[in-house]
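Undergrad: Here's the letter readout for the chains.
There are 2 protein chains.
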Amino acid sequence: MTAPTWKYENFEPAGSAIGYRITRKLDEVQSDFQKIEIYETTDWGNLMLIDGAVMLTTRDNFLYHEMMSHPALFTHADPRQVVIIGGGDCGTLREVLKHPGVAKAVQCDIDEQVTRMAEKHFPELCDSNHDPRAELLFDDGIAYMKNAAPGSLDIVIVDSTDPVGPAEGLFNKAFYESCFRALKDDGILVQQSESPLVLLDLIKEMRGEMRKAGFITFKTLPFPQPCYPTGWWSCTLARKSGGFDFRQQDAAAKMFNTKYYSADIHRGASTLPPFVAAALGE
Amino acid sequence: MTAPTWKYENFEPAGSAIGYRITRKLDEVQSDFQKIEIYETTDWGNLMLIDGAVMLTTRDNFLYHEMMSHPALFTHADPRQVVIIGGGDCGTLREVLKHPGVAKAVQCDIDEQVTRMAEKHFPELCDSNHDPRAELLFDDGIAYMKNAAPGSLDIVIVDSTDPVGPAEGLFNKAFYESCFRALKDDGILVQQSESPLVLLDLIKEMRGEMRKAGFITFKTLPFPQPCYPTGWWSCTLARKSGGFDFRQQDAAAKMFNTKYYSADIHRGASTLPPFVAAALGE
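Residue numbers (full-length UniProt numbering), protein chains in the order written: chain A, 1 to 282; chain B, 1 to 282.
Okay, chain A solo, but in the shape it has when bound:
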């Protein structure tokens, strides 16, 4: 038993870092796309890094996974067909499948090794991988959305790494055009949109590209996420038309458990702090 040491992620674009006290490295694999490492921490359960960037910890991933799924699904009137691009740790898939109305949820992550690592080191996130409504694909999400049948989807969730490396192509007009085409008229695109404090430009740019692809209305919801830079994160929802009023009664009466998400939290996250609203021109 060696003494715990500290492992840091220096996040260069923000000039800030997050770190964890770790006891040992549990696993490491160099996949065709990236290096995946798993560490055991003293207080946060297991920790996954991809190319040195913190992806998730056992302790706090519920914040991200709940906020990437439930706001979009409770905003849509009747979400049945869902596609998750990325999301290889399967945590978003698990949340999506808590909605009994969902008929099918496809998870398309380019890197099978992320899911294999999640099955080993975050098994609780993979609870629903064998749900008959789930389909796990290990393929290029850009190509998948390009080939998706027009008007076939209710929700597309882009649960990716930062816009560098394999995920870069998930943040531009061409990809959003594929999403636009594949979504039904009342469909919703939702994407992780980084820190509202230090990466406001990225949110603006993302919305700009979505707009060029045809999306009309946007909603950015902030939420706490300690393992990501600044500890404050966001998702951005986009629609072809219509607003973001959500099914508040259904959310309040939901028959499944969540730790962070609630109708009240959803309502609270729907109003941006003044400095974020001003930067986004709202």
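If you are wondering where the hints come from, they were derived from the structure by calculation, not from laboratory data.
Any given hint could be a false lead.
No distinction is drawn between identical chains; accordingly, a pair holds when it is met within one copy or between any pair of copies.
[As the list claims (entries may be wrong)] Under the rule of at most 25 angstroms between Cα atoms (straight-line distance), these lysine to any residue pairs were calculated in the SDA-like manner:
id	residue 1	residue 2
1	Lys184	Leu137
2	Lys259	Glu205
3	Lys204	Asp27
4	Lys173	Asp111
5	Lys259	Glu282
Chain B: place on chain A using the hints.
TA: For chain B alone, kept in the frame of chain A given last:
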């Protein structure tokens, strides 16, 4: 010009760390109570550490200072007499004095050097130090509250460091009894209450001590604060009686600027996430 380096705070109780990319040390003083250091960062303006713990950065301190003051002041019907215990950087004082109805705001920090460092390196926080309604004392906050005239105060804000070292005595029944006695019947005590993710036990313990001192009702408001452990922080309000409905119309119509606080943000923060509510028995 040396190359930037990284400076980390390892937060032992949570097993997590926060760091900044720094260009140089601007200042350092060993006061009678603690070591205060100021660094220049590449992206966060100036950074103050006390005994190695991050106190504030130029870029993100508005979150904490606004949330330590405006929710309490807009909850009270007519706050006139305010005392800040700690708060030596003067940022909370500045926010309090934005309320035109405040007749007097006393800031009592034990360490004059904190204020001297703030004046030099965070001058924007000291904008209101010469407001005729402001009184800056450098004295023991515990003694100050013990000697405060009974029923003389509307708001007491405990803006302190963590409950170790000089601030330890600000988290127990004896201190809260002094606050209880000094507050009017409709007064409000507000205290920074650490991270709702990893320090829930501290919030529970704090409420327990406040209750023993006579406080009846409590409200914990979470907010983002990137420079503190987990990036997610909270303040806890306590009253002798009555609830925490706030002056929503006044907050919405306020004549001063805030970057994070708004009536909507206040309303949103008033509902705790399910896992926090459950832990606090709400």
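Undergrad: Give a verdict on every hint.
TA: Right, here's what the structure says about each hint:
Taking the closest pair of Cα atoms, Lys184 and Leu137 come within 25 angstroms of each other only inside a single copy of the chain (22 angstroms); across copies the shortest separation is 64 angstroms, beyond that limit. Proximity of Lys259 to Glu205 under the C-alpha cut-off of 25 angstroms is restricted to the inter-copy arrangement: shortest distance 22 angstroms between copies versus 31 angstroms within a copy. Proximity of Lys204 and Asp27 under a CA criterion of 25 angstroms is satisfied in neither setting, with 37 angstroms inside one chain copy and 37 angstroms between copies. Proximity of Lys173 to Asp111 under the C-alpha cut-off of 25 angstroms is restricted to the intra-copy arrangement: shortest distance 23 angstroms within a copy versus 55 angstroms between copies.
For the identical chains of this complex, Lys259 and Glu282 are inter-copy neighbours only, at 14 angstroms across copies versus 30 angstroms inside a copy, given an alpha-carbon limit of 25 angstroms.
Of the hints listed earlier, the one the structure fails to meet is number 3.
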